[in-house]
Amino acid sequence: MGALAAAIAIGLAALGAGLGNGMIVSRTVEGIARQPELRGALQTTMFIGVALVEAIPIFAVVIAFMVMGQ
Amino acid sequence: MQQYKKMITRQRKWMFYLLAIFVLGAGFTEYLSIFLGLLLGTVLSFYNLWLMQRKINQFGQALAENTSSPKGIGSFSRLATAGLAVIIALRFEEYFHLTAVIIGLMTTYVVIMIDFALFRSRD
Numbered sequence: 001m002g003a004l005a006a007a008i009a010i011g012l013a014a015l016g017a018g019l020g021n022g023m024i025v026s027r028t029v030e031g032i033a034r035q036p037e038l039r040g041a042l043q044t045t046m047f048i049g050v051a052l053v054e055a056i057p058i059f060a061v062v063i064a065f066m067v068m069g070q
Numbered sequence: 001m002q003q004y005k006k007m008i009t010r011q012r013k014w015m016f017y018l019l020a021i022f023v024l025g026a027g028f029t030e031y032l033s034i035f036l037g038l039l040l041g042t043v044l045s046f047y048n049l050w051l052m053q054r055k056i057n058q059f060g061q062a063l064a065e066n067t068s069s070p071k072g073i074g075s076f077s078r079l080a081t082a083g084l085a086v087i088i089a090l091r092f093e094e095y096f097h098l099t100a101v102i103i104g105l106m107t108t109y110v111v112i113m114i115d116f117a118l119f120r121s122r123d
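Just so you know, the protein sequences line up as chains A and B, in that order. Going by UniProt numbering, the first sequence runs without a break in its numbering and finishes at 70. Going by UniProt numbering, the second sequence runs without a break in its numbering and finishes at 123.
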């Protein structure tokens, strides 16, 4: 059951992070393609967005490894 | 571009300050395993931060200059780093406090959020 719990935790977190990251990156790509001179500001926004999105899957990985390690 | 470079420098500076505080805590206080755990988590978290800054910069460069195709933003490597931290903490349980390692792993995100909150109007 531990392996199943770990798999569900990582899988669902990765699903959410994938969707979130995809939305952030697609908008940034659009923005930089339209206005390359705004690259710095768009990159900064993308950086903060990616960081916030990825905090949760990292927690999920930690919990999954803890469940597996017990 | 200047805005991104300034943000990178500020975040690195804060991470180095935090690392220095944790080293001092490990050296001069009685809570050795807690500070060692914080150090382990923060070092790997700093690697995550560096990787994220580098990958996003390469991504933006590839988009803006149109010289090469963008290569992704390295999410999997960052998740693997978190896994590595937990594996090390579980393997050497007598040296590293597990909760401290997890708090250390989250240091980067706290630094990014505080930096964003403080400097978003200034740049």
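Source of the hints: derived by calculation from the structure; they are not laboratory data. Check the hints yourself; a few may be wrong.
[Unchecked claim] Stretches of chain B that chain A covers, calculated by requiring three or more beta carbons in the stretch to come under 8 Å of a beta carbon on chain A: (1) 2 to 9; (2) 14 to 26; (3) 98 to 112.
[Stated by the list, open to error] Here are some chain A residues pointing at chain B (derived, C-beta under 8 Å): (4) 8; (5) 32; (6) 40; (7) 58; (8) 67; (9) 69.
[Unchecked claim] The calculated label-pair distances, taken between Cβ atoms and stated as ranges, are: (10) A:27 / B:30: 46 to 56 Å; (11) A:34 / B:23: 37 to 47 Å; (12) B:54 / A:19: 18 to 28 Å; (13) B:94 / A:3: 23 to 33 Å; (14) A:15 / B:58: 23 to 33 Å; (15) A:23 / B:76: 12 to 22 Å; (16) A:26 / B:10: 23 to 33 Å; (17) A:27 / B:65: 47 to 57 Å; (18) A:34 / B:94: 21 to 31 Å; (19) A:2 / B:10: 33 to 43 Å; (20) B:33 / A:38: 39 to 49 Å; (21) A:3 / B:67: 25 to 35 Å; (22) B:30 / A:2: 27 to 37 Å; (23) A:15 / B:93: 42 to 52 Å.
Just so we're clear, the structure is a prediction, and the values are computed from it rather than from any experiment. Ideal Cβ placement from N, Cα and C applies to all residues, glycine included.
Hint check:
1. 2 to 9: Satisfied; 5 residues make the cut.
2. 14 to 26: violated (count 0)
3. 98 to 112: holds (count 7)
4. 8: This interface hint is violated because 16 Å lies over the 8 Å limit.
5. 32: 4 Å, holds
6. 40: 4 Å, holds
7. 58: 4 Å, holds
8. 67: With Cβ-Cβ at 10 Å, over 8 Å, it is violated.
9. 69: Interface hint status for residue 69 of chain A: holds (4 Å vs cutoff 8 Å).
10. A:27 / B:30: 46 to 56 Å: 49 Å, holds
11. A:34 / B:23: 37 to 47 Å: 46 Å, holds
12. B:54 / A:19: 18 to 28 Å: Once the Cβ atoms are compared, 24 Å apart, the range 18 to 28 Å for residue 19 of chain A and residue 54 of chain B holds.
13. B:94 / A:3: 23 to 33 Å: Given range 23 to 33 Å: holds, Cβ gap about 26 Å.
14. A:15 / B:58: 23 to 33 Å: Taking Cβ atoms as reference, residue 15 of chain A and residue 58 of chain B lie about 26 Å apart, which means the hint holds.
15. A:23 / B:76: 12 to 22 Å: Holds: the Cβ-Cβ distance is about 18 Å, inside 12 to 22 Å.
16. A:26 / B:10: 23 to 33 Å: 28 Å, holds
17. A:27 / B:65: 47 to 57 Å: 20 Å, violated
18. A:34 / B:94: 21 to 31 Å: 56 Å, violated
19. A:2 / B:10: 33 to 43 Å: Because 41 Å falls inside the window, the suggested range holds.
20. B:33 / A:38: 39 to 49 Å: 47 Å, holds
21. A:3 / B:67: 25 to 35 Å: Given range 25 to 35 Å: violated, Cβ gap about 44 Å.
22. B:30 / A:2: 27 to 37 Å: The hint (27 to 37 Å, Cβ to Cβ) holds, given that residue 30 of chain B and residue 2 of chain A are roughly 35 Å apart.
23. A:15 / B:93: 42 to 52 Å: 31 Å, violated
Consistency with the previously given hints fails for numbers 2, 4, 8, 17, 18, 21 and 23, ordered from lowest to highest.
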